[in-house]
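Chains A and B supply the protein sequences, listed in that same order. Mapped onto the numbering used here, the consecutive letters of the first sequence carry residue numbers 1 to 113. Mapped onto the numbering used here, the consecutive letters of the second sequence carry residue numbers 114 to 224.
Read the hints as simulated data drawn from the structure, not as lab findings. One or more of the hints may lead you astray.
Quick list of the computed label-pair ranges, beta carbon to beta carbon [said to hold, decoys possible]:
| # | chain 1 | residue 1 | chain 2 | residue 2 | range |
| --- | --- | --- | --- | --- | --- |
| 1 | A | 54 | B | 223 | 40 to 50 Å |
| 2 | A | 113 | B | 175 | 17 to 27 Å |
| 3 | B | 175 | A | 82 | 41 to 51 Å |
Just so you know, even glycine gets a beta-carbon here, dropped at the ideal spot from N, CA and C.
Here is what each chain is made of, one letter per residue.
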Amino acid sequence: DVKVTQSSRYLVKRTGEKVFLECVQDMDHENMFWYRQDPGLGLRLIYFSYDVKMKEKGDIPEGYSVSREKKERFSLILESASTNQTSMYLCASSSGPLAYEQYFGPGTRLTVT
Amino acid sequence: EDKVVQSPLSLVVHEGDTVTLNCSYEVTNFRSLLWYKQEKKAPTFLFMLTSSGIEKKSGRLSSILDKKELFSILNITATQTGDSAIYLCAVEAGGAQKLVFGQGTRLTINP
Chain A
1 DVKVTQSSRY
11 LVKRTGEKVF
21 LECVQDMDHE
31 NMFWYRQDPG
41 LGLRLIYFSY
51 DVKMKEKGDI
61 PEGYSVSREK
71 KERFSLILES
81 ASTNQTSMYL
91 CASSSGPLAY
101 EQYFGPGTRL
111 TVT
Chain B
114 EDKVVQSPLS
124 LVVHEGDTVT
134 LNCSYEVTNF
144 RSLLWYKQEK
154 KAPTFLFMLT
164 SSGIEKKSGR
174 LSSILDKKEL
184 FSILNITATQ
194 TGDSAIYLCA
204 VEAGGAQKLV
214 FGQGTRLTIN
224 P
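When you get a sec, could you build the whole thing from the sequences and use the hints?
Listed below in structure tokens is the structure:
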């Protein structure tokens, strides 16, 4: 079974802190994605990556950056956390051209106080 | 701007009822429409639809796509408490692999 893991289920940070959210997949997938999920807004794509060291902006990249130094790991970085970044963050990975084959991690619920 | 809208946003029914969840979309270069179920954790894939009028079925769940009217429905018959979840609709549009999600429908099945 494909496994996508995220470093924390719950995280509480203070405004202005630098925050790292880690995602690791064990199926040698080329594509990795970061979404945030908010009530009434659904999942929104923040950044994605088709290959190591490659990144593409999604629909809401402002305030975020990403890093993909190794194929299995995709990190989401909040350079200076703000309260409006309190959300559920979901990582996903996939292989090949079929979008439905995105496998999701369990999510990290981030609270910024 | 690509847009996916789900309705209702929330639905509460009794066990045994039949429910219909709606998903409409406005996107460029439509490729496929996907339904996911999200319980407490990660969304899990239910259906992928690419052609109009062809029903996809899995047990008590079924889904159909209308590419002319730009919508899809997800039906669940004889609902059970285990069907309680958020149901997400997503459309693959534009570049490959990029999904645009709707807001989700929170379905609650009461015993």
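These are the hints, each one checked on the structure:
no. : hint                       : verdict
1   : A:54 to B:223: 40 to 50 Å  : holds (47 Å)
2   : A:113 to B:175: 17 to 27 Å : violated (44 Å)
3   : B:175 to A:82: 41 to 51 Å  : holds (43 Å)
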